[in-house]
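Peer 1: Kindly generate the complete structure, drawing on both the sequences and the hints.
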Amino acid sequence: AQSVTQLGSHVSVSEGALVLLRCNYSSSVPPYLFWYVQYPNQGLQLLLKYTSAATLVKGINGFEAEFKKSETSFHLTKPSAHMSDAAEYFCAVSDPGGQNFVFGPGTRLSVLP
Amino acid sequence: NAGVMQNPRHLVRRRGQEARLRCSPMKGHSHVYWYRQLPEEGLKFMVYLQKENIIDESGMPKERFSAEFPKEGPSILRIQQVVRGDSAAYFCASSPPSDRVAYGYTFGSGTRLTVV
Chain G
11 AQSVTQLGSH VSVSEGALVL LRCNYSSSVP PYLFWYVQYP NQGLQLLLKY
61 TSAATLVKGI NGFEAEFKKS ETSFHLTKPS AHMSDAAEYF CAVSDPGGQN
111 FVFGPGTRLS VLP
Chain U
54 NAGVMQNPRH LVRRRGQEAR LRCSPMKGHS HVYWYRQLPE EGLKFMVYLQ
104 KENIIDESGM PKERFSAEFP KEGPSILRIQ QVVRGDSAAY FCASSPPSDR
154 VAYGYTFGSG TRLTVV
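Respectively, the protein sequence lines represent chains G and U.
For what it's worth, the working numbering labels the leading residue of the first sequence as 11, then goes sequentially.
For what it's worth, the working numbering labels the leading residue of the second sequence as 54, then goes sequentially.
Honestly, the hints are just simulated from the structure, not real lab data.
Because the structure is a prediction, the values reported are computed rather than measured.
Heads up, some of the hints might be wrong.
Said to hold, decoys possible - Each pair of labels, with its calculated beta carbon distance range: (1) G:80 - U:137: 44 to 52 Å; (2) U:91 - G:40: 29 to 37 Å; (3) U:134 - G:63: 44 to 52 Å; (4) U:107 - G:25: 44 to 52 Å; (5) U:137 - G:28: 40 to 48 Å; (6) U:129 - G:49: 42 to 50 Å; (7) U:136 - G:78: 40 to 48 Å; (8) G:92 - U:116: 42 to 50 Å; (9) U:83 - G:118: 27 to 35 Å; (10) G:49 - U:114: 24 to 32 Å; (11) U:70 - G:81: 45 to 53 Å; (12) U:114 - G:79: 34 to 42 Å; (13) G:28 - U:112: 30 to 38 Å.
Even glycine gets a Cβ: it sits at the ideal position worked out from N, Cα and C.
Peer 2: Okay, structure coming up:
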């Protein structure tokens, strides 16, 4: 079975600073990994996904994530935070067969002026 | 190409009433998933449906909750005799029939249910 942990339920960064949101997963099979963003009172939007191709994945809005098998991690980064990045971010894992699609608890990102 | 449409956006029900949440998947998508998001918590899987078929309902509470995805029309999540603890945001996602996980689910904007 798959599971996801996200270290830090709330992260605050200054505008222009590096964004790092942590995601670690547990999976008994090679995982598919996803990051979703949720803006206030909206649904989830897919930021990026890893599906066993390149380990460094680039997504929308300048975000990227790197799959590190040895660390069982899929951390999300952005070089320079923008005020519009303030949102809730969810990491998710699935097995390649589509079973057990599991979300992490989420990390709320605040961007300070 | 419209995305996943959920309605209503907000729903208020008194304890004991029924709540019906509707989800129309994206065009061409035949797989529908329902998730519940409780305050300050992540999304919890509830049920996975294809047309006229429940594939996985392992996340559905055993009582009062049911879901369907008929041949025609939207998917419906039905909650009977609602209680305060049912207050949450309910999200629907859809995916195409092929390579659905690699595609990544497309989510609707959710229905926020408040039980008073």
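Peer 1: Would you list, in rising numerical order, the hints stated earlier that this structure does not obey?
Peer 2: 6
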